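Construct the complete structure from the given sequences, taking the supplied hints into account.
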Amino acid sequence: MVHRPEHPLMVRGQKELLREVVVNLLWNALQAVQHQADAGRIELQLAVAPGAAGQAGLAVLEVLDSGPGPSEAVRDRLFEPFVTDKPEGAGLGLFMAQRIVQAHGGRIGWRRENGVTCFFVHIPLCQHDSSHGTPADRGR
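Just so we're aligned: the sequence shown equals residues 649 to 788 in my numbering.
Just so you know, these hints were derived from the structure itself, not from any lab.
Model, not experiment: these values are computed from the prediction.
A hint or two may mislead.
Label-pair distances were calculated between CB atoms; the ranges are [what the hints assert, rightly or not]:
| hint | residue 1 | residue 2 | range |
| --- | --- | --- | --- |
| 1 | 651 | 750 | 21 to 29 Å |
| 2 | 650 | 761 | 17 to 25 Å |
| 3 | 698 | 735 | 36 to 44 Å |
| 4 | 721 | 685 | 23 to 31 Å |
| 5 | 660 | 685 | 42 to 50 Å |
| 6 | 703 | 683 | 36 to 44 Å |
The C-beta atom is built at its ideal place from N, Cα and C for all residues, glycine as well.
Below, the structure written as structure tokens:
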């Protein structure tokens, strides 16, 4: 399920790198629900959060899933390199996602509430239009 604002959000950044972040988060969510007895649930939400006084707002992306969530063994270290609880994983996806998001002036994190895991990304909107615009394909 996808929830998004009425208008596209404009951020300044490298489209390919930002796409890599989204694909990584969606792939992790898909892997998290793939062994559930029911079909599992993945939700993608895009919203705008207000910025600090005098600053543009934030584009907020959330990827939610009904999977079991990260194991206790890795929860506090998810964004460190080579940390994973997947037998086939290299433990670099979230580490790279964090570096990409930070390079774009944003932040990435996660939480688990009521049986749902949520990974979120906050990236500053373009200063000239903090409410809506057209998708940015421009490099930095």
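Quiz item: What are the numbers of the hints that this structure violates, sorted from low to high?
Solution: none
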